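Listed below, chain by chain, are the residues.
There are 2 protein chains.
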Amino acid sequence: MDISKFFLGLKLDSPSSTPLYLQLAGYLAGKIKEENLLPGAKLPPERELASLTGVSRTTAINAYRHLEQQNLIRTKIGSGTFVAENSSTQPNNQLAVPWSQLFIPFPQSPVSSILRELISASATDDNISFSAGMPDPAFYPLETLKSLINEHSNLLKGINFGHFPTEGYEPLRHTIAAMLASQNIAAQPENIMVLSGSQQGLYLISKAMLEPGDYVVIESPSYIGANQTFQNTGARLLTLPASGSLNLNLLEDFLIRYRPKLIYLIPTFQNPTGRVIPENDRKAMLQLASRHRVVIVEDDPYGQLYYEKEPPLSLKSLDSYGGVIYLSTFSKVLFPGLRTGFIAADPVLINRLAREKQYIDLHSSNLSQLLVHNFLTDGYLPGHLKKVRDEYRKKRDTMARAIRQQCGDEITFTLPGGGFYLWCHLHAPLTSRMLLHETAKTGISFVPGEVFYASTAGEQELRLCFTSQNVALISEGIRRLAKTLAQLSKIKKSGASLSTASIRPII
Amino acid sequence: MDISKFFLGLKLDSPSSTPLYLQLAGYLAGKIKEENLLPGAKLPPERELASLTGVSRTTAINAYRHLEQQNLIRTKIGSGTFVAENSSTQPNNQLAVPWSQLFIPFPQSPVSSILRELISASATDDNISFSAGMPDPAFYPLETLKSLINEHSNLLKGINFGHFPTEGYEPLRHTIAAMLASQNIAAQPENIMVLSGSQQGLYLISKAMLEPGDYVVIESPSYIGANQTFQNTGARLLTLPASGSLNLNLLEDFLIRYRPKLIYLIPTFQNPTGRVIPENDRKAMLQLASRHRVVIVEDDPYGQLYYEKEPPLSLKSLDSYGGVIYLSTFSKVLFPGLRTGFIAADPVLINRLAREKQYIDLHSSNLSQLLVHNFLTDGYLPGHLKKVRDEYRKKRDTMARAIRQQCGDEITFTLPGGGFYLWCHLHAPLTSRMLLHETAKTGISFVPGEVFYASTAGEQELRLCFTSQNVALISEGIRRLAKTLAQLSKIKKSGASLSTASIRPII
Chain A
1 MDISKFFLGL KLDSPSSTPL YLQLAGYLAG KIKEENLLPG AKLPPERELA SLTGVSRTTA
61 INAYRHLEQQ NLIRTKIGSG TFVAENSSTQ PNNQLAVPWS QLFIPFPQSP VSSILRELIS
121 ASATDDNISF SAGMPDPAFY PLETLKSLIN EHSNLLKGIN FGHFPTEGYE PLRHTIAAML
181 ASQNIAAQPE NIMVLSGSQQ GLYLISKAML EPGDYVVIES PSYIGANQTF QNTGARLLTL
241 PASGSLNLNL LEDFLIRYRP KLIYLIPTFQ NPTGRVIPEN DRKAMLQLAS RHRVVIVEDD
301 PYGQLYYEKE PPLSLKSLDS YGGVIYLSTF SKVLFPGLRT GFIAADPVLI NRLAREKQYI
361 DLHSSNLSQL LVHNFLTDGY LPGHLKKVRD EYRKKRDTMA RAIRQQCGDE ITFTLPGGGF
421 YLWCHLHAPL TSRMLLHETA KTGISFVPGE VFYASTAGEQ ELRLCFTSQN VALISEGIRR
481 LAKTLAQLSK IKKSGASLST ASIRPII
Chain B
508 MDISKFFLGL KLDSPSSTPL YLQLAGYLAG KIKEENLLPG AKLPPERELA SLTGVSRTTA
568 INAYRHLEQQ NLIRTKIGSG TFVAENSSTQ PNNQLAVPWS QLFIPFPQSP VSSILRELIS
628 ASATDDNISF SAGMPDPAFY PLETLKSLIN EHSNLLKGIN FGHFPTEGYE PLRHTIAAML
688 ASQNIAAQPE NIMVLSGSQQ GLYLISKAML EPGDYVVIES PSYIGANQTF QNTGARLLTL
748 PASGSLNLNL LEDFLIRYRP KLIYLIPTFQ NPTGRVIPEN DRKAMLQLAS RHRVVIVEDD
808 PYGQLYYEKE PPLSLKSLDS YGGVIYLSTF SKVLFPGLRT GFIAADPVLI NRLAREKQYI
868 DLHSSNLSQL LVHNFLTDGY LPGHLKKVRD EYRKKRDTMA RAIRQQCGDE ITFTLPGGGF
928 YLWCHLHAPL TSRMLLHETA KTGISFVPGE VFYASTAGEQ ELRLCFTSQN VALISEGIRR
988 LAKTLAQLSK IKKSGASLST ASIRPII
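Heads up: the protein sequence lines correspond to chains A and B, in order.
Sequential numbering of the first sequence, starting at 1, is according to our numbering.
Sequential numbering of the second sequence, starting at 508, is according to our numbering.
Each hint can be trusted.
Covered, in the sense of this in silico footprint (three residues per stretch, anywhere, with C-beta under 8 Å from a C-beta of chain A), are these stretches of chain B:
1. 602-610
2. 639-652
3. 665-675
4. 733-744
5. 833-846
Heads up, simulated DMTMM-like pairs for lysine to aspartate or glutamate below, C-alpha to C-alpha not over 20 Å straight-line:
6. LYS999(B) to ASP916(B)
7. LYS283(A) to GLU310(A)
8. LYS1000(B) to GLU966(B)
9. LYS157(A) to GLU170(A)
10. LYS997(B) to ASP916(B)
11. LYS146(A) to GLU650(B)
12. LYS386(A) to ASP136(A)
13. LYS653(B) to GLU143(A)
14. LYS492(A) to GLU410(A)
15. LYS790(B) to GLU817(B)
16. LYS664(B) to GLU143(A)
17. LYS394(A) to GLU476(A)
18. LYS893(B) to ASP643(B)
19. LYS653(B) to GLU151(A)
20. LYS990(B) to GLU945(B)
21. LYS1000(B) to GLU917(B)
22. LYS1000(B) to GLU945(B)
23. LYS157(A) to ASP643(B)
24. LYS948(B) to ASP520(B)
25. LYS493(A) to GLU410(A)
26. LYS664(B) to ASP136(A)
27. LYS816(B) to GLU898(B)
28. LYS157(A) to GLU650(B)
29. LYS146(A) to GLU658(B)
Bear in mind the hints are in silico, worked out from the structure with no lab data behind them.
All values derive from a computational prediction rather than experimental measurement.
Every residue, glycine too, gets a C-beta built ideally from N, C-alpha and C.
Whole structure, please, built from the sequences with the hints as guidance.
Structure, rendered in structure tokens:
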């Protein structure tokens, strides 16, 4: 059989993120599975495969090795490479391990892996992404960290790289408590636990406090990771509108009717809406929580990132009831790769969460904790915050101005006083998914609003992160977005239909 | 009322790990709760409190601040500090939040927080600890890491400190796959997920695969963290003796009778016994697992730390069935504070575990991943392994010789060919807890054997870690241990009884 015909139509995509050898192996595996290549068929030697397909010999060798590991081909030393006789089954006629049938049920939702897609998109995409909620890499204080490592001879010491207590590096717990004191939050080191990102706090709280069937009040729209982490425990979500003023009547109805275990809020510069709960509403919320003995989880990643006046005091600092659990992180003010957040709460809760955390990772990375500790104690945080506030204000204003000028009445938003996001409403006769489908072709991405809702809503909303790109790219990105929007509006008004089939929410 | 009398009997312990202000606050809180200090009583001004108790003014201020946060005292500006009127209740007559009643049940066992104690003991103890399973800090390659940071201009780049994919830094997944290839484990990057320590792998596997009532086969004794992580999901443990040759008949009985979901093994230099499963038994085990379609979790933290001949091939490398999940870590060969381990498994399983991991920490620390990646690609691992193998062999031999010479027949052990531990049997008429109770007074600690057992056993066994201390301290530690042992044996033989009440397993 002349096997070379199989390679005539093959096109390998060199700049793809899939390595060439996997593309080649995948192509061959397809031919074997479709039985174009039959069991026992001899395959070309590696050198020939390389020249037939225009790849290096190493790539050809790796492709064969990969197929061999999948038991699709066999190499007989001295005679060559063949399609395996039992290529459709496992060796020894065993069936493959049916992994997915061994897993316990996992809550599937259309957005169940969106968190991973959001964070991985940002790492690989060359285009202009307004999707991931990221700081601007240009302001990561990496040179400062380098100088901390080089100048603090005490930092890179053996004693610092064994095990830390699960609750965190003791001096960092002190430093965080002192930092919180400056934000009017009364905390002792025993109230603090260091987390591998504040997302870990949501996970630990869920594991310690939620059982299937429990209720959690969450704003809608809200942070996807919270939404999914709560649902992952089998809890049911009660949604409070995040737009407009806080609906305390609805909240009280929930408290009476369902006795929820937790209320989850991002009171300051909410993700995705940018909304700030006013001080009076905060106090009323605390009274209500106190009266109904319900615990509030206050997530505050953006509180220090204000671009106008300082926001109201945190719920935690106003809490005389004792029922507020406070979460924050250094991911948004320093950089996400640190994976260092913290929780401030009653020591009894800290202890229970630490018991769960010991099974998860024993403790968070020492190096990250040491760096954050020294960054704080050397007094770098205030200057860093001042700088990023100034820069992010400019970015926010650049994006806001560009949208107002170029999108006319078709996109509206409320200018947020801080945080990372413009939460936009589409007035054009379009959904944000349709828009994303088209802007993606011009290299522009954002997050369609519906993924932030626990229920079906947000079809005409979208979240644009204004912090991660530089001012020039923000302008260029909005220019392309506006152009696509204008084209779509014209088509739509002409009565033609736009396909929305099989659109992935994030690309 | 002359309040100063309350301070006459007060003794603050300056070298204690509890800060002085907390000791002072605790003392005062006790007086208030016992109603020696009544509501409304005026307390001495801070300066006077400081001089009465012999602490600094800052310590006195902090003690009062702490008590005020607990609502036990009130400061009235201009008039002084008073015991709170409602000090026995919360402000506004509210009850305190009953945190522990809000938690979902947690499996309590006598050793349920021993993992935390083990890792925190190592960080704070000045004495000679043979407890925690730690490498020697003198060999942590910190200078190499520093030079990686300073010399690789590509390392500290913004792009590296945003988000990584949940599965890990892509180049590190490649590097780990290549490293495994050199250990005869066929793995592609898609088979690898980077973990925040291999402990995280146990947690993720448990969350993905175990439900209450499921069975897991585990060796007994075995790693405490595995034992507890499995039990934490509600799974039941079936125990296979880890001493002597592998009992394949008993294993098959378990497989037929209970259809366990997982078999958990540390086949090479087991923790705590140091035992290596011979190659023939490995093959028989795999055949059995294959026949009964059961998944094996192979935990291999010590496989590269051999001090005689290389150990047999890993189960993963011998696995033609496809049912072995392989876990390993850089914590034992480099240092624990990196919190970087990995799993090698079927991509379907990797994907399911990544879905869980995204909720736990989004992804592991970037800096740790970058450092491990560069350490491996710059070729530092083989030289480092050679060095620690040589050093740890000397330590093992030093400890073994000292025990043989000084403890006579009262302690026996089998010399392990690698790993971190001497697993010792006490022949003296004593339990290892009694021994620990006494050696602790001389600054010597170890782990009593019973904590490694899922059932009641191991009362006369103990685990000594020989890697973490230097040769001089090993000699000194065993000298003190032998002396204590001799004294105890003498008392015991004289018929006197030794108290074992309220002994904490680890101090």
